[in-house]
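Chemist: So the chains spell out like this:
There are 2 protein chains.
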Amino acid sequence: MTSPILDFLRRLHAELTDLRDGEVATYIPELGRADPEWFGICVVTAGGHVYEIGQTDIEFTIQSISKPFVYGLALEDNGREDVLAKVGVEPSGDAFNSISLEPGTGRPLNPMINAGAIATASLVPGETALSRQRRLLHGFSSFAGRPLAIDETVYNSESETGHRNRAIGHMLRNFGILTEAPDPTVELYFQQCSISVTCRDLGVMAATLANRGVNPLTAKQAVRGEYVADMLSVMNSCGMYDWAGEWIYKVGMPAKSGVSGGILAVLPGQLGIGVFSPRLDSHGNSVRGIKVCEALSQRLDLHMFNRRGSRQGAIRLHFTGAKVNSRRVRSSTEAATLQRHGHRIQVVQLQGNMTFATTEAVAHLVAERHDDLDYLVLDFKHVLSINDTAARLVYELATQLQAEGRHVLFTRSDRVPLLARVFRHKLGTDFEERFISFEEEDPALEWCEERVLAARGAPIPDQKPPRLVDIDLLRGLTGEELDIFGDHLERQQFAEHDLIIQVGEEAGELFILFEGRVSVFVGSENVQRRRLATFSPGMVFGEMSMIDRSPRSATIQADSPVVCRVLTREAFDRLGVEHPSIKIKLLENLSQALSRKLRKANLELSVFD
Amino acid sequence: MTSPILDFLRRLHAELTDLRDGEVATYIPELGRADPEWFGICVVTAGGHVYEIGQTDIEFTIQSISKPFVYGLALEDNGREDVLAKVGVEPSGDAFNSISLEPGTGRPLNPMINAGAIATASLVPGETALSRQRRLLHGFSSFAGRPLAIDETVYNSESETGHRNRAIGHMLRNFGILTEAPDPTVELYFQQCSISVTCRDLGVMAATLANRGVNPLTAKQAVRGEYVADMLSVMNSCGMYDWAGEWIYKVGMPAKSGVSGGILAVLPGQLGIGVFSPRLDSHGNSVRGIKVCEALSQRLDLHMFNRRGSRQGAIRLHFTGAKVNSRRVRSSTEAATLQRHGHRIQVVQLQGNMTFATTEAVAHLVAERHDDLDYLVLDFKHVLSINDTAARLVYELATQLQAEGRHVLFTRSDRVPLLARVFRHKLGTDFEERFISFEEEDPALEWCEERVLAARGAPIPDQKPPRLVDIDLLRGLTGEELDIFGDHLERQQFAEHDLIIQVGEEAGELFILFEGRVSVFVGSENVQRRRLATFSPGMVFGEMSMIDRSPRSATIQADSPVVCRVLTREAFDRLGVEHPSIKIKLLENLSQALSRKLRKANLELSVFD
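Protein chains in written order, with the working numbering: chain A, 5 to 613; chain B, 5 to 613.
Bear in mind the hints are in silico, worked out from the structure with no lab data behind them. Warning: the hint list may mix true and false statements.
Where chains are identical, the list cannot tell them apart; a pair therefore holds if satisfied intra-copy or between any two copies.
[As the list claims (entries may be wrong)] In silico DSS-like pairs for lysine-lysine, Cα to Cα no more than 27 angstroms straight-line:
1. Lys295 to Lys430
2. Lys224 to Lys327
3. Lys295 to Lys601
4. Lys430 to Lys327
5. Lys430 to Lys224
6. Lys385 to Lys430
7. Lys601 to Lys327
8. Lys601 to Lys224
9. Lys254 to Lys295
10. Lys604 to Lys224
With the sequences and hints as input, model every part of the structure.
Modeler: Encoded structure:
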């Protein structure tokens, strides 16, 4: 199948191939050797899907596009305060090679002009020139997701002709922004500009910025997430020099261009764009590159300020314990109690990237349902990430509800380790010491149900083995019939963890549980094992395979030492011949139980629909 | 319950109340009457939740915060081209009252400096001063969601002292940017600055921008969505004058401040912030206002460039027809065929705001599953919005699949009218003429299943009434038993649309369908009516209430003229006494059918879990 997205890029590429305005840069002689026809476009999503067309594999030197990345490395290695002391973040309104030092401090106005970039390069740590260069290459390679190297020919060409940049270096030394001899730092700056990349690399590097510093192809963190906003902010304000206002107005994405013909643009949280075509306009930007970004922004509606609000935020699904129950099989009295009082259990399934704005919807929902809420289950199964603010908001909600005597339960909170860290930091103790945490929504729901039932005076489950007369399946049987039925049963005993029924087995007995507790699972021990139901004494299991003679559809395991009495299919058949009235009553009771379970399953399906 | 979000704002408000730096503006004498202690904070989400603390109801004049809004109105009334001819979008790097005209054209550099704002005000249409003022007030009131008015005292004070702005007006007339006498436009500019607002109004206006021009409280469009990005772009580049770079670096939200002490900031797609406190710093920005925005950005992690990517995009849930089936009740042969070949039906439930970046995930999924896909159901039930790009991407996917002989079905596409418009525009004909559209996922799934079954050689449903011996429920009965059973049935006939069973009824017959087709519904005719199942001849319905004596849980309606044969509970009881072997066989068959349905329901639940 040809991807319609690739088709779109192919058409755009063909359309702009005819655009031959502009000139290849020659002020660094080696750059002049570029083929002016080279033209590549690469779009990489924050999810890691790559769409590329044209010459996306040709290597060229990164030039000024290196500036935001070295800025990111400088922030990571020195911290924000030290970096801001050396270089500002204010646009200069001037061209790329302007000196633009701040009156008084001598601080370059921003890291995107050469003066600021040289000041930034001075912050790359290392004992020797080689170790500083290694730090650079390691950082850039993490962004690109492959090992990058310096193009020595271009570097030598830059170094031979870079008089203006040497002058800037000395000016910075004069103002004390550089504290040592400027030459090694200026050389490092030439080296950063001479790192060899492809158009595809630019796309991946952009997508890494769109993905808060995590390379979406390698899943590795290229720069600490907290510094990505700094890098994008200076690209936003100063990335396109004296054209920044119009660029954001028209294209609406932080971007950076280089004189070798590359442009890198970032739509935060969504995607990265790399374009390469060597002919430049009078601002020093790739002519086709600009047109590609404008076309992508307009035709794909990518402008970062063209966004709609969302009402649902982090809430994927919300339901109460009156509508959906745990897999614990309930007696009819218990089921009725839960239907009446289950609304006091509120279950919220969360989703996506939890931030203040998306988590606010959860706080709002809790406030709205507050009077009706004794139990709140927050299920993190579908959450992709949580940030510190959202974690603190969850903390505030949880502790406040707890202080009011309400219960907050967390499920799958292992997906968001930051949440536990925030709780530990705030509480001074582990998360689990104060809050109830489950691996799945189902047992959390059961926990709440047990308490709702207890509060409504549900009888405490009898620890004595049930009498036959109390068993739902045997309802309506006379004393004599019960005795006859009892004679058809076999006693079976199981130790804790024993498998009573294994999925796929052909056997067809029906089990009446007399002592202990058993759970039904789907999935194997190793794969995703999920509890379907838990049974307590007096309940019946295994009846479905006995009835329809199909293989066992689930595994049943003893949660404790278990005593069952078992009705084989043969005994059941025999009952039909010898005592048809007993078999009719059993079948009626069985059908009723199945019917009740089916009604419940249909009700739950209506919630998820 | 006290909201933790409000608690946070309350603490922030208390903490910053002690900050008494700065001076109340006095250059317009009337502004000097403000109480320097006034302090309000209001956060409004794009979903319309309002959080406010302090003096959020005190009225003050909007001053420069009017500039982006008049810019929006000018764009709406004149179009982008005409507006850009009069005023640029490039930051000036200068203070708010700078004249900053572009060399050559005389065009003010941007609409946020006074010169640009006066040029913008000249574009507000109207025959008379009054009609132009009405246009202004109407536009601003839509943003605030309540009728706003001009503070005449402040307006007079501005008008009396506004010599510098009159000078700017004449300068603009000199350069031909204003084409008529400047005074009426300068007066209109004084009026726009004198519109009375509260801190809460600022919050709502900001949230309207965050919500792409739709006021989240009134749900009314205040400005065409396409111009919101223009407004936010100039706020981003020039909203905070010579402090724009640092503002975006630190706060990361497009914003605008005014000399009366207001600041309005927007986190696109998420929320709006209004702050009011009259003491100003040397840049003319509210001292506390700046601190509030910095604190909100840092503590709530609101920086617009601090975003993570999302892998799931617009895909809420994806499953195949092998896992989830339609509500059409199937024979066991049909069910087996669907289990084997249903993977050729792919159902994608979509969600959220569909844009290029979120919809790309759908294109990627389709490409990945392409070889396994004969039927694609796209369900728009959970979609909040779609933009043009996403609609075109869906169009490309759909037409390409169709050209390959595959089927694309749309459900609930009425939620996204733009989709139908894009298809109509591209196809030159209505959506429904080329594609299959359903109101719900369920019948769409059934449509696909029918075709999968037909392609796998499933027998064409017999149009003749079934014989008793072919009915699943009667499996295993001897010829003599069938005759006896037949004598216990009553014939009943229904016209098309007749209600055969009504939800809540106490009756307990079991129906065997002989001719025609019936459907099961939950919900009433007026409320949300949802089909649970459709039955064809030979199938049985109503058995659950007969078995468990509970009221009918759904409504069953004749889809066509229908003939049933009915077994009453009395007749069923009579059978048990007179012919127990028949009743045992019936109950066994019934239990098997229930058991099969329950297995299927549990399988479906596992998909949604």
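Chemist: Measure nothing new, just compare the shortest in-copy and cross-copy C-alpha distances for Lys295 and Lys430 to 27 angstroms and report within, between, both or neither.
Modeler: Answer is between; shortest inter-copy Cα gap is 25 angstroms, intra-copy 51 angstroms.
Chemist: With 27 angstroms as the alpha-carbon cut-off, assign the pair Lys385 and Lys430 to within, between, both or neither.
Modeler: For Lys385 and Lys430, only the intra-copy Cα distance (24 angstroms) is at most 27 angstroms; the inter-copy one is 40 angstroms.
Chemist: Measure nothing new, just compare the shortest in-copy and cross-copy C-alpha distances for Lys224 and Lys327 to 27 angstroms and report within, between, both or neither.
Modeler: neither (42 angstroms within a copy, 35 angstroms between copies)
Chemist: Regarding Lys430 and Lys327, is the shortest C-alpha distance of 27 angstroms or less found within a copy, between copies, in both, or in neither?
Modeler: Result: close neither inside a copy nor across copies, 35 angstroms intra and 44 angstroms inter.
Chemist: My question is about Lys254 and Lys295: at a cut-off of 27 angstroms on alpha-carbon distance, are they close within one copy, between copies, both, or neither?
Modeler: Classified as within; 11 angstroms inside a copy, 31 angstroms across copies.
Chemist: Between copies, within a copy, both or neither: which fits Lys295 and Lys601 at Cα up to 27 angstroms?
Modeler: Close neither inside one copy (62 angstroms) nor across copies (58 angstroms); limit 27 angstroms.
Chemist: Is it within a copy, between copies, both, or neither that the alpha carbon of Lys430 lies no farther than 27 angstroms from that of Lys224?
Modeler: neither (29 angstroms within a copy, 42 angstroms between copies)
Chemist: My question is about Lys601 and Lys224: at a cut-off of 27 angstroms on alpha-carbon distance, are they close within one copy, between copies, both, or neither?
Modeler: The answer is neither: 47 angstroms in one copy and 47 angstroms across copies each exceed 27 angstroms.
Chemist: Between Lys604 and Lys224, at a C-alpha cutoff of 27 angstroms, which is it: within one copy, between copies, both, or neither?
Modeler: Answer is neither: 45 angstroms inside a copy and 42 angstroms across each miss the 27 angstroms cutoff.
Chemist: With 27 angstroms as the alpha-carbon cut-off, assign the pair Lys601 and Lys327 to within, between, both or neither.
Modeler: Both: 13 angstroms inside a chain and 20 angstroms across chains, each within 27 angstroms.
Checked against the numbered hints above, the structure breaks hints 2, 3, 4, 5, 8 and 10 and satisfies the rest.
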